[in-house]
Amino acid sequence: MYHLNLDGATKISKKMKLLHELVFDSASKHPHNYCVIFDDGDDGGFHNQTHGYNFNSETKLSYKQLIELADKFKQVFQCLQMDKQLIAVCLGDCFYLPPVLLGLLSCGCVFHPISLDALNYTRQALVSSGVTWMIIHDRFLKTFNSLIQSFNGRQVISDTLQTFHLLLIQLETSASLSQPSDLAYCITTSGTTGLPKVIKVSHSSIVPNILHLRDILKLSPEDKVLLTSPLTFDPSIVDIFCTLSCGACLVIVPTELKHNPDQFLKTIHHRHKISVLQATPSLMRTLSPSRLQTTLLGSELPLRVLALGGEKFPEFSELMTWISKDNKTTQLYNLYGVTEMSCWATCHLVDITDILTNQDDVPLGTTLDKTVIKLKPHNSINEGEIWLGTSERLCYINNELPLMEAGTMWINTGDWGRMTTTGTIVFSHRMDEQVKRMGKRMNLAAIEMVIRSVPGVVNCSVQLDDQQLLAFIVTDTPIPDHAEKVECLTYGESESKKKGDVHWSEIKLNLMKTLEDALPSHCKPDHFIHVSEGLPITANGKLDKRKLLKLAKKRKCLDGFCLQKNPLESAQDLWLSVLSLKIDHIDPSDTFMSLGGDSLAAVRLINIVESLHGDQLSHMFDVLVNRDFKTFVDHWTKYVHLIRSPQESVTSAGAVRDSGKDNLQDLNLYLEQEKSNGELTKKKLKNSHPSIEDIFQPLKSTVSVRNVISRGGNMHSISKQANVLANVVNNVSSTLGLKSGSVRHLGLEIKWKYNTKKCVDASPLIVEYKDRTLVFIGSHSGLFSALDVDSGQEVWSKQLSDRLESSACIEPEAGLIVVGCYNGLIYVLDARSGHTEWTFETHDMVKCCPVIDTKTRHVLCGSHDGYIYCLHVQQKKCVWKQNCGGSIFSSPVIDNTQCLLFVATLAGQVSALSLETGNVLWSVQLNKPVFSSLCTTGHHVLVGCVNGCVYCLNTHGEMVWSYKTDGPIFSTPVVCDSYIYLGCHDTYIYCLTDSGQLQWRFKTNSTVYATVFIGCRDATITLPSVTNINQEDSHITRPQSPDASHECLDNVCSCQHIQIAVTAGSKGTLYVLCAECGLELGQTDLPGEIFSSPIQCGKQIVLGCRDNYVYCFTLT
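If you read the sequence shown in UniProt numbering, its first letter stands for residue 1, the second for the next number, and so on.
Calculated directly from the structure, the hints in this document are not laboratory data.
Be careful, since some hints might not be right.
[What the hints assert, rightly or not] With a straight-line Cα cutoff of 25 angstroms, these simulated DSS-like cross-link-like pairs (lysine-lysine) come out:
| hint | residue 1 | residue 2 |
| --- | --- | --- |
| 1 | K17 | K29 |
| 2 | K17 | K84 |
| 3 | K29 | K64 |
| 4 | K273 | K29 |
| 5 | K328 | K266 |
| 6 | K582 | K197 |
| 7 | K376 | K312 |
| 8 | K273 | K325 |
Sequences are here, hints too, so could you generate the full structure?
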């Protein structure tokens, strides 16, 4: 990759106009033509409340008004000296979108569209691109609140902007970056061509695209063009400027209208008679083929141009169902390109006769101006990777230019193509659509093509989810109301078990027969899922794969299982499905464990049952793992009878109702009575595997929880017995072999490592029970696991729905693990099984680590929505919540002596709250974000800030002292024996006195995110001789003042009782230091970055790494 040379940025040809100049020229020629029409799709003409002001359902703007409005916006931006700045934009669907963009461009600004989701990535993108201002609609303020606060944003009042309910926000902590002189806009890729990245598009890159495509499509002032995608999807920019540069009219409708196909077609076809439509095939598939044949692609007033791009061009057999046979007008185009080449790169006019003769090879077509294309063969002269190149349409990818070859910039599209005999390139498939299953490679698109060939199938999508091949099917006839809305069929399913519409049953039989003949076994879907309302699409008009998988679960189609009327049939199907058994039936005396089940499978099965009924059935878990199949069916039958209405008989054949919460208490009472009568006593069965109670014997009661160790060395002794951990660690000197006369540095040996599938930024939580010690930790994959600290063996794992950066805490009285998630949920899990006991929903991602009030057992946790929540996890309720004025990343800290809770935010505000009520007692503004978690010492609270300062405040919010480091602080201060330890981005580990004086500092090889772990004073290593480690350590710095006395002189350790301090640098080095003098006792390197904080338990150290693993090291 070549780094961007800002001094030598691409020069614009003197003859080439800029984007906004194209529009100004067009406006001068057609001042009275309508250039923009906004229509909310309402038939009544009521005032549009969605947009917050009184415009009729249809708003029109002429070219003259467009220029006047753009000039007003330009004056505002120039008055605020925003010239040549990079501006984030999120306006939604509105008629004033084009004039805002023109106003920005005409004063030299660069606009950067941002979306309402994925705010964490948006935040990173804004930093890397150098955005300094934001323009958003006021209805989006709540969504962007945390992002704005993280940049210390402030609103700048403008009467002109407020007229349109627009907010102008200056991002004070965002640094402006030097930009190439001819930039027009920045945009982030959707991620389909690789990792999301910021693309900076120049005028010299996009203008040739606009001019050439405009000529190919023969756009004229008589055309009406529909804006089909949001501004964050670059085809929208082509739509806007192709339309406005030729005097045509741009029709804008709300995104919500596209979810109502009938009203959408009525608005764009009958009301506005659009003539040009640029869309993705997925968007077209949301519209009924029969309706398309009578509207957009019919014989009367059809589209003049339908340009399809962004996805593979549809098969001709599918297109024939869209287009009326009498339509001789519509021209079809195949568009192809990538964001890195400013959208479109090739265009091909599809011959209608090819459709009629069913010729499936659609070329990518000829290249647009200043663009070239080539195929890089792989093992075949006719097939290979598709690459796009240019020497002038240069786009900057994360401030860099891609690889240049003989003066041409080349982009790997990530697509696979084929060269035809006529020398044209045909798109074959996305390279990431080639997946492996059962060790064999397959193409999902090819499977979809076969499924679409089955009569009655309108659309389909095939997805590989956890090695299960799922086929989502849309048919030409909806399922009737009395049938299941989503139904699954598993290979080998008997005909008697099929339900639903006869037409769907026929399609399923045809599907199985067709696939049996056409595909090898590894390409056959495991389940067919009928989706009655069409495949979901993203705002960009592409297939929403994530929503598809969520939809399957939401519609009670979990693991290929659908609820039967008879609990016996339901239970048998469910056991067979979860355990992947190939047997005809389950014997009544069989147990879940004897059939190969384990704790994870048991949790999955109970989650399915709870999802089917919409209730929490905690007792069913014990029945499942401790009793036989007959008992499980009996208890489920009892539940089904309880939730049915009083009018239903016990033998009713009616469908089970979704609602059963009114009778859940009765069921639990019934189960409790059975348990007390001894009916739930575990039976010892022949050939049975150990039950989960046997596996998890240490967690049977609260008393078994002895100690809890979290980051920094915080240890809570739960049991009233002697501190077992202290006893274990007291003997560490003998276990490490530190005998008299043989003193040496400590070694670090890997004891075990555990793969979490994605990087681990969370810190471990270690819980010691009577007979074993467990590690609880989550990762970016969403996997949360309980591991045995001695063996690394997985006790259980739980797959949550989004990434985990929050470390966990435990409510020991109930044995509940609490952890926050990126999806905004705080999960409460059973420490024994991983079963979800409760989830509490906040309104933004949760990175904050929850803490426990040891007196009340309340859990305190912050969210990026700005609130701190006090939860009673046993009673499953929120006790109180308090808005703290900014996103909360930092973990709060409790001072039980004063009954106070201290909270810090990314807005730089530190507050003291009443633990009882949540009321704010005082707040202090530090003006810089606080990522570091808080810590208390005596009656003081310590705060590490990104400005490099450690602040010490008293309980009244008054500053006691501060200490300045040379870099931002993300590491949490830790207090032990009147000393304060912390890491810093200046690469040092600091040890301060409780008065804020430097005791020593140790230089690592990289920035430090990790919190230093300090063992308790009882957990020391006795070294009988000090002269044997007489080694100078140039990494240690100590103050020179005479009052800063210390036992260690001349970098020689003279400590008789070494207390270990463990920490890590971000480059992957784990350090063991003497906490008293800072001498390095040992180190080792991990293969990835480290943001996780290490935890020491006895002679073992556990931490997470960004190479996807949790590591356990043994001190030797």
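Item to check | Hints that the structure is at odds with (numbers, increasing) | outcome: Checked against the structure, the only hint that fails is number 6, while the rest are satisfied.
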